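These protein sequence lines map, in sequence, to chains A and B.
Start counting the first sequence at 572; every next residue gets the next number (the numbering used here).
Start counting the second sequence at 2; every next residue gets the next number (the numbering used here).
These aren't lab readings, by the way, just hints derived from the structure by calculation.
On a predicted model such as this, the values are computed, not experimentally measured, just so you know.
You can take every hint at face value.
Pairwise CB distance ranges (calculated):
| no. | chain 1 | residue 1 | chain 2 | residue 2 | range |
| --- | --- | --- | --- | --- | --- |
| 1 | B | Leu122 | A | Arg657 | 35 to 43 angstroms |
| 2 | A | Val638 | B | Val28 | 24 to 32 angstroms |
| 3 | A | Val638 | B | Pro15 | 30 to 38 angstroms |
| 4 | B | Ile167 | A | Ser656 | 24 to 32 angstroms |
| 5 | B | Pro25 | A | Ser656 | 39 to 47 angstroms |
| 6 | B | Val162 | A | Ser656 | 27 to 35 angstroms |
To give an idea of the interface, some chain A residues facing chain B are shown, with a C-beta separation under 8 angstroms as derived from the structure:
| no. | residue |
| --- | --- |
| 7 | Asp573 |
| 8 | Ile574 |
| 9 | Asn576 |
| 10 | Val594 |
| 11 | Glu606 |
| 12 | Asn610 |
| 13 | Thr618 |
| 14 | Leu626 |
| 15 | Gly627 |
| 16 | Ser632 |
| 17 | Ala640 |
| 18 | Ala648 |
| 19 | Tyr654 |
Yeah, the Cβ is synthetic: ideal placement off N, Cα and C, and Gly gets one too.
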Amino acid sequence: MDISNYIYLSAILFVIGAIGVVVRRNAIVVFMCVELMLNAANLAFVTFSRINGDLGGQIASFFTMVVAACEVVVGLAIIVTMYRSRRSASVDDASLLQR
Amino acid sequence: MFNMALHVGSTQRPEAVLFWVMAPMAVLAALGMLLVKKAVHSALLLAWVMITLAIFYIAEDALFLGIVQVVVYTGAVMMLFLFILMLVGVDSSDSLVENIKGQRPASILAALGLGGLLLSLIARAVTNVDAVGLTTANTAGNVQGIAQELFTRYVWAFEVVSALLITAALGAMVLAHSERKHTSQRQLSVDRFRQGSLAQTAGLPASGVYARHNAVDVPALLPDGSAAPTSISPTLQARGDIIESAPFELAPSVEEEN
Numbered sequence: 572m573d574i575s576n577y578i579y580l581s582a583i584l585f586v587i588g589a590i591g592v593v594v595r596r597n598a599i600v601v602f603m604c605v606e607l608m609l610n611a612a613n614l615a616f617v618t619f620s621r622i623n624g625d626l627g628g629q630i631a632s633f634f635t636m637v638v639a640a641c642e643v644v645v646g647l648a649i650i651v652t653m654y655r656s657r658r659s660a661s662v663d664d665a666s667l668l669q670r
Numbered sequence: 002m003f004n005m006a007l008h009v010g011s012t013q014r015p016e017a018v019l020f021w022v023m024a025p026m027a028v029l030a031a032l033g034m035l036l037v038k039k040a041v042h043s044a045l046l047l048a049w050v051m052i053t054l055a056i057f058y059i060a061e062d063a064l065f066l067g068i069v070q071v072v073v074y075t076g077a078v079m080m081l082f083l084f085i086l087m088l089v090g091v092d093s094s095d096s097l098v099e100n101i102k103g104q105r106p107a108s109i110l111a112a113l114g115l116g117g118l119l120l121s122l123i124a125r126a127v128t129n130v131d132a133v134g135l136t137t138a139n140t141a142g143n144v145q146g147i148a149q150e151l152f153t154r155y156v157w158a159f160e161v162v163s164a165l166l167i168t169a170a171l172g173a174m175v176l177a178h179s180e181r182k183h184t185s186q187r188q189l190s191v192d193r194f195r196q197g198s199l200a201q202t203a204g205l206p207a208s209g210v211y212a213r214h215n216a217v218d219v220p221a222l223l224p225d226g227s228a229a230p231t232s233i234s235p236t237l238q239a240r241g242d243i244i245e246s247a248p249f250e251l252a253p254s255v256e257e258e259n
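In isolation and in its complexed conformation, chain B is listed as follows (with noise of 0.2 angstroms):
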């Protein structure tokens, strides 16, 4: 007990120095992730965390991990995650209107309770407990000794998950595939001239053309004098606001002063 320098299970005095500097920032980044506003504040912050689990991963005897936890998460997974935050809008920040009432305090309490819960568990189970070490295990290097095991005992789960990922980037590109609903001025002409007659090709007639008023209630003349109702809103003739357009005729009158 109070030899702890010489325990099997304690650690270099380095892998120590380390540990009380990164872990510290670690628990101050994800705290910092909860507590700011911006999203992408949060972003920044739990890229810090990640690539300070990195480090703890390589002092851990882990290097493939720790390489692998860089490049997926901190690169890949990151980038993603700013990327959508560009997309979905920057400054859609977090109501603080409560929905449920008292709903903030008592989630936050059971949280509490279950750190409570796994702290003392862990206080338990593995204080003072006498690490093995992976020297042995990692004799011919981290990445071959994982790659033994991925390719022999866990072979099977390997090639399951690849069609997991598989399914989850079709499942992505479904997801995220919209149609275009916006059709172009192009396609709109093309249509009016494939459609079945070519009355209407250069579009509805407008209302009050050749009529006696240019008024929306009047409707259009055609060519042989009759009324066009299609030139009418729909919404007019529901309502039956729709003056009848008799053909323009020039007044008697002038005809006199000719």
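Bound-form chain A, shown alone (with noise of 0.2 angstroms):
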């Protein structure tokens, strides 16, 4: 097997995150799909690492899970204010700024 069909695999699963964000309306999966399109980058990173011979791949990807959990923190926290004020976690309804 080649070593790059990790790399696909990786922009395979990237590219159905983009999807997601863009297609699905209920903020938490939107979130989801966020935190999938950063687990492919995670997966490339590993596999660049093993290409190279190097370990600093994977201290891009350790790096990286480090910030996509202070992400996951907030986003959630404020999903969660969000809710509280307009009862709705979609994110068709946080459109005060429109008119």
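Hints are included, so try docking the two chains, each in its own frame, into the full complex.
Next up, the structure:
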């Protein structure tokens, strides 16, 4: 098996996550799709680390995980605050700045 | 080209079997994440994708990252997601009404274009690449190697990331904290006694008390016989719908019978 298959898988997962971000309406599902995209990028990092024989890719993946954890904590807190004020977790309902 | 099994970039047969079993399942689970209606099912499918990726990390000589993936992502992050899902409401499923006309097909088309771009670029860049492999980098062990890199070359980034973690925790606490709006009966009565005068300690007078009628538009009478304007609802006062109330007196005919 060619090692680039991992990169192809990572790209496919990234694209599926991107479709989810733009198509789904529930803010939590949108957020989960962002997580899927981050995970796909991590898989590419780990594979690059293996291709180059350097642990730098794994370090980058590690930092991505930490930043993703921060992002999840803050993002979910924002979703909870939004839900408290307008009783809905749909991204379409947050249109206060529209008019 | 025809001797793929001996190619430097190719992998051993067990890993190929693992990949071709797990990768389609990961892609199917990710697609299912898009297609299922309920958010909880999406969360479970995402957890499956993450576990698959953890297995891939371990197969790719990234033992530490594989374990961290299981502990942090499928353990902590997905638990947080499910917790918020339960808090916000499990049945908050997607509405199928399109707010922007044609947004869905256009966005799917754009994402597929992105995918074609990515895949073609990868095909040009990394197919049949010679993989060095991590056996030399991992001679002292994967965890030891990562620790050496993390605490020498990337120590500044490590410190910055720890500051980011603390900031995120504080931000989440500030955002998710809510002041308690409901005041208890005990607090209300304490507040009544602590206000300026004790005149209304027992609450406002009800309308019609000691007056001729007990209708809502008749002011109550105070002990000195005067009408209490605070006993009438402010709405009725603004409309002027107030009946003058006089002190209740016995009818003279009753006295004659005695």
